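**Q** Here are the chains, one letter per residue:
Number of protein chains: 2
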Amino acid sequence: MVRSSATKSKSPKKYFTKGTTPKPFPKLPFVPFFFNSSFYIFLEFKTHLGLQQYRPITQKQNKGLLLPPPSATSESESAAAACGASTFRPPTPAVLRLHLLITSALNYCYYNLMSYQQHLTLQHHPLVHPLLFHTSNMAYTYSPTTTFFPKHHLRSTTINCTSSSPPPTTVTTTNNRQPVPLLPFSAKYVPFNSITDESYSLDEIIYRSSSGGLLDVQHDMNALKQFDGKYWRTLFDSRVGRATWPYGSGVWSKKEWVLPEIDNDDIISCFEGNSNLFWAERYGKENLSGMNDLWVKHCGISHTGSFKDLGMTVLVSQVNRLRKMNKPLVGVGCASTGDTSAALSAYCAAAGIPSIVFLPANKISMAQLVQPIANGAFVLSMDTDFDGCMKLIREITSELPIYLANSLNSLRLEGQKTAAIEILQQFNWEVPDWVIIPGGNLGNIYAFYKGFKMCEELGLVDRIPRLVCAQAANANPLYLNYKSGWKNFTPVKATTTFASAIQIGDPVSIDRAVYALKNSDGIVEEATEEELMDEMAAADATGMFVCPHTGVALVALRKLRERGVIGRSDRTVVVSTAHGLKFSQAKIDYHSKAIEGMGCKFANPPVEVKAEYSAVMDVLTKYLSKVS
Amino acid sequence: MVRSSATKSKSPKKYFTKGTTPKPFPKLPFVPFFFNSSFYIFLEFKTHLGLQQYRPITQKQNKGLLLPPPSATSESESAAAACGASTFRPPTPAVLRLHLLITSALNYCYYNLMSYQQHLTLQHHPLVHPLLFHTSNMAYTYSPTTTFFPKHHLRSTTINCTSSSPPPTTVTTTNNRQPVPLLPFSAKYVPFNSITDESYSLDEIIYRSSSGGLLDVQHDMNALKQFDGKYWRTLFDSRVGRATWPYGSGVWSKKEWVLPEIDNDDIISCFEGNSNLFWAERYGKENLSGMNDLWVKHCGISHTGSFKDLGMTVLVSQVNRLRKMNKPLVGVGCASTGDTSAALSAYCAAAGIPSIVFLPANKISMAQLVQPIANGAFVLSMDTDFDGCMKLIREITSELPIYLANSLNSLRLEGQKTAAIEILQQFNWEVPDWVIIPGGNLGNIYAFYKGFKMCEELGLVDRIPRLVCAQAANANPLYLNYKSGWKNFTPVKATTTFASAIQIGDPVSIDRAVYALKNSDGIVEEATEEELMDEMAAADATGMFVCPHTGVALVALRKLRERGVIGRSDRTVVVSTAHGLKFSQAKIDYHSKAIEGMGCKFANPPVEVKAEYSAVMDVLTKYLSKVS
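Heads up: the sequence lines are chains A and B, in that order.
As numbered in UniProt numbering, residues 1 to 628 make up the first sequence, in order.
As numbered in UniProt numbering, residues 1 to 628 make up the second sequence, in order.
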């Protein structure tokens, strides 16, 4: 990567961490950048109150390339011009001349195009595309005046940018006649799975449709379809794990498909996503009679220890945006005993937004509360049950300027769906045969469906996997509904399960889940307490440390394998939703055989031995002869 | 990325997950690959019992390019030849002709060169280097017979590979006279910081030098110096977060600097490293009077929840290699109550290697044990203290075929040092001013020093940060030693601290730590129990969920800030070593104000309120008026 004296300044930059408002660009001399023999640049024109703000940006450093003022026409003027946060109104038509030093091939800049499609973007890629982009009221073309890749892979060139207004509806370049996108990316709320004209801006504070139904975030698919599947695959691949804010996040690396219109600086991210897709080689071989293509997606190895981070970064980022827009939002509230309140309070704490958690007194242990408490949430403990808390927070949030982060919130699903895209990406865009997801409130299975479906619709893949929803037998309303052939859904009274996060008898996202399963040739399975705990223990013994919900999903897998539904060599992904460290007590109880009525057949308690060389030697020799 | 019908095969591939022995290459037709207008290929010749096994590999897919049999000389023969796991003994001299389809610029293959430098590697990069590589008994050159980058960026070419024996000691290509590396990467054990000829192969089972001192893994720096800093930066950057086994791991993305000679398939990895470098923006601003360039490296958000994963992947991988070499190793043992036994047992479980943990009976809770127990370790509980366990396991491992994974093991430091390299990388190879690391047994501070120092020596950066070791006041032997001006070191009797992993009075790596601190203009600080718990709570309130050790490091930072040693705008990194979820009980006790003699000034207990609309409204209105 480039290193110059300018890189030694002390001000925090946009590594993968929180954003700030970008500073004005410093005045810089005209410095060519060398990214190992490859070099990329884009120019971003922000449309802002009718003024065009221009700032040249390189991929790796928010500084550097010189953009001349619009009137500059000579190379010398260009080279001398200051590079700053200038604003100007481009004349129509106008000619901009940009003096660039070009090194060699620039795949990267092609990849990064669309992250700035909202703005006017000039993109320079001599090998791949002469490019032309536009905003809603302008179009720019450029034509390189020199050839590229001279002997030393370094040469200056001039780019002529001509604005025109209004823009043509389709523009082709002279070189390759490739149409250029003209629709900006956008998304809005619409009623879930219903044919109406009803829709709401994502900047409205709204939780349900006019008829009281679920909402869904609907993207402008025509805008996204301006680019083909290969483009999106390449774009997403180019961002994996990078330090460039905010794209190092697994969620925000898909920003155009999540919240396309949010400003990068409004995003609250803690490097969520990019979780390990673990090849459960030993588990598959030893526990599922030689299943050789089994993978566990460890969504719980994350900032707050559960997959909820994926959705919460989206919700809190949007709230952050709304607050900056001076919408009346003092804080964010939820009624949750577990991962939701943990994720909400952590992201709010990072953002400096007050979080409020409602909980039933005497029914929640401090252990369940420790994350929101530690993250500074205002935790209200009240003498009622969980439903009472939920009712109260709904009433309160309709009166007070508190955003409700409950589980029907459709913004969160936009983040969660990126886990599905990430799975495809980690398989190099090959589609697995099965994806098994634990289900309680049932938002997540729809989120996975939505992620897979978008990839199919936009041509990244050509099919979607079959989905399996796995429920605890103690909280199995979807399973019963599936067994009845999707006849009338009836809530159940959920009883205690070790898989506590899915102990839900009347799931809010039931319609979403049924839709997802019907459209993915899906299946629902269930697991008893003993089954799920045994399976969790069996998985741990092969190097994982999974939560009981993962145990539920693994039981579903075992049952479908035994029935021959899932084949031995089917590529199968089991979604693990929380970190095992959140369930230490359940594991302790299991391995201590302290669970009433449970055999705990895989318990692995410590072996007591006298602290003498010979005694230890005896025990160990026996053990080693058994295992070697 | 490329998608072809061949990619739909069901056999598991090398995504970021566990390795297997590579299968023979399937017979494939001659298919050109298109990686978005860029395409990379390398050929790997393995030297194996005198036979040369050849298999062509593309970066993204272990299949594809056709390598003709050695006798094939015509294009048509090449195109028709099978691509398989053939073995052949190359004639000396011999001519290989390889028919390739080349698309466009190939930065990537340049990056990936050295990962295969151990083997004979032919590398094809028309723009950057005509290449020449060799093994110890052969050298190959190639000369492209056509020019590249024709109009459609696609053209066939023939590469002539000529073996010669013995190889020249320095070879230059005809095109650019660039010397080509001839030294293979290697590493060995040497006594730590001592000038002797004593050294041991990493394939020996040895823990201490002949004089009973510490060992250090010493890399052949001359071999590494064959490449400049820019090369290494580019190589490491090219691997960040990628799915290519094993380079997606933060540790193994630096494989050449860790265990250069291990076969990729012997590596046991769980996607360790690549942890978030969190910009502690709110914490710095609000708790350290506007410190604006403060970062927390979250090493504990990982597979087993602590930084120990970084070292354990190296140790267990090497043990795996030794077992495959038929060294007498049935299992791996340790005496540890915490993160070490957790990481050891998880990695062993993933590898299918028995792990053995020795622990004092009645002094360890099941909570401390739950990870090794769940990961199937053979846990021996004995009626002695921790020192007794350590003594016994040393005796036992000298008799039984059990590898000792204790904390003086120098292999583990090779993995841990990658966290330092990763920090530089995340700052785009800018060097922070300060890095603050909690210290108990003191191996980690040396590992960080070593990582930074290697980056300096190999030209990736031009200086190293100043290191700060932070100790709990209840276990502060290094602090006392530092205060005495590094006079004679005296162990202390450590007393209980919430920072339990650093509760060590007689650290095994004391010499390493003193060396690291002296050579980095380092400082040692200490934190009392109340200080460290308050600081942990303050950090949590800004969106983190840190362990008490991180609290210790943050106290050190605060003290150095208050004394003016660390400046307000100094770029400072605090290393967080474990996941806060491992310390839920300590956090519960703090926020319940249940810690005797501690004020718990940042405790944030739940607020009780009647479950009535008006009562809740009152409480919330007051709260909101306070925070808004």
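Keep in mind that a hint or two might mislead.
It does not matter which identical chain is used: a pair holds within one copy or between any two.
[Unchecked claim] Mimicking DSBU-like on lysine-lysine, the simulated pairs with C-alpha atoms at most 35 Å apart in a straight line are:
1) Lys-601 with Lys-363
2) Lys-363 with Lys-391
3) Lys-327 with Lys-493
4) Lys-391 with Lys-593
5) Lys-324 with Lys-626
6) Lys-626 with Lys-327
7) Lys-622 with Lys-391
8) Lys-593 with Lys-518
9) Lys-626 with Lys-363
10) Lys-601 with Lys-487
11) Lys-363 with Lys-593
12) Lys-363 with Lys-453
13) Lys-285 with Lys-327
14) Lys-601 with Lys-391
15) Lys-610 with Lys-324
16) Lys-626 with Lys-453
Quick caveat, the hints were computed from the structure, so don't treat them as lab data.
Nothing here was measured: the structure is a model prediction, and the numbers come from that model.
**Q** Next, verify each hint and record whether it holds.
**A** Right, here's what the structure says about each hint:
For the homomeric pair Lys-601 and Lys-363, the shortest alpha-carbon distances inside one copy (30 Å) and between copies (26 Å) are both at most 35 Å. Proximity of Lys-363 and Lys-391 under a CA criterion of 35 Å is satisfied intra-copy only: 17 Å inside one chain copy versus 47 Å between copies. Proximity of Lys-327 to Lys-493 under the C-alpha cut-off of 35 Å is found in neither arrangement, the shortest distances being 39 Å within a copy and 58 Å between copies. Taking CA atoms no more than 35 Å apart as the test, Lys-391 paired with Lys-593 passes between copies only; the shortest distance there is 31 Å, against 39 Å inside one copy.
Proximity of Lys-324 to Lys-626 under the C-alpha cut-off of 35 Å is restricted to the inter-copy arrangement: shortest distance 19 Å between copies versus 65 Å within a copy. In this homomeric assembly, Lys-626 and Lys-327 come within 35 Å of each other (Cα to Cα) only across copies, at 18 Å, whereas the closest approach inside a single copy is 67 Å. Taking the shortest Cα distances, Lys-622 and Lys-391 sit within 35 Å of each other only across copies (21 Å), while inside one copy they are farther apart (60 Å). In this assembly of identical chains, the alpha carbons of Lys-593 and Lys-518 never lie at most 35 Å apart, being 40 Å within a copy and 51 Å across copies at closest.
Taking the shortest Cα distances, Lys-626 and Lys-363 sit within 35 Å of each other only across copies (29 Å), while inside one copy they are farther apart (46 Å). For the identical chains of this complex, Lys-601 and Lys-487 are neighbours neither inside a copy (38 Å) nor across copies (56 Å), given an alpha-carbon limit of 35 Å. For a Cα distance limit of 35 Å, the shortest separation of Lys-363 from Lys-593 qualifies both inside one copy, at 25 Å, and across copies, at 20 Å. Taking the shortest Cα distances, Lys-363 and Lys-453 never come within 35 Å of each other, neither inside one copy (40 Å) nor across copies (53 Å).
Taking the closest pair of Cα atoms, Lys-285 and Lys-327 come within 35 Å of each other only across two copies (25 Å); inside a single copy the shortest separation is 55 Å, beyond that limit. Taking identical chains as interchangeable, the C-alpha atoms of Lys-601 and Lys-391 lie at most 35 Å apart only when they sit on different chains, with a minimum of 33 Å there against 42 Å within one chain. Taking CA atoms no more than 35 Å apart as the test, Lys-610 paired with Lys-324 passes between copies only; the shortest distance there is 34 Å, against 66 Å inside one copy. When the C-alpha separation of Lys-626 and Lys-453 is checked against a cutoff of 35 Å, the pair qualifies neither within a copy, at 49 Å, nor between copies, at 45 Å.
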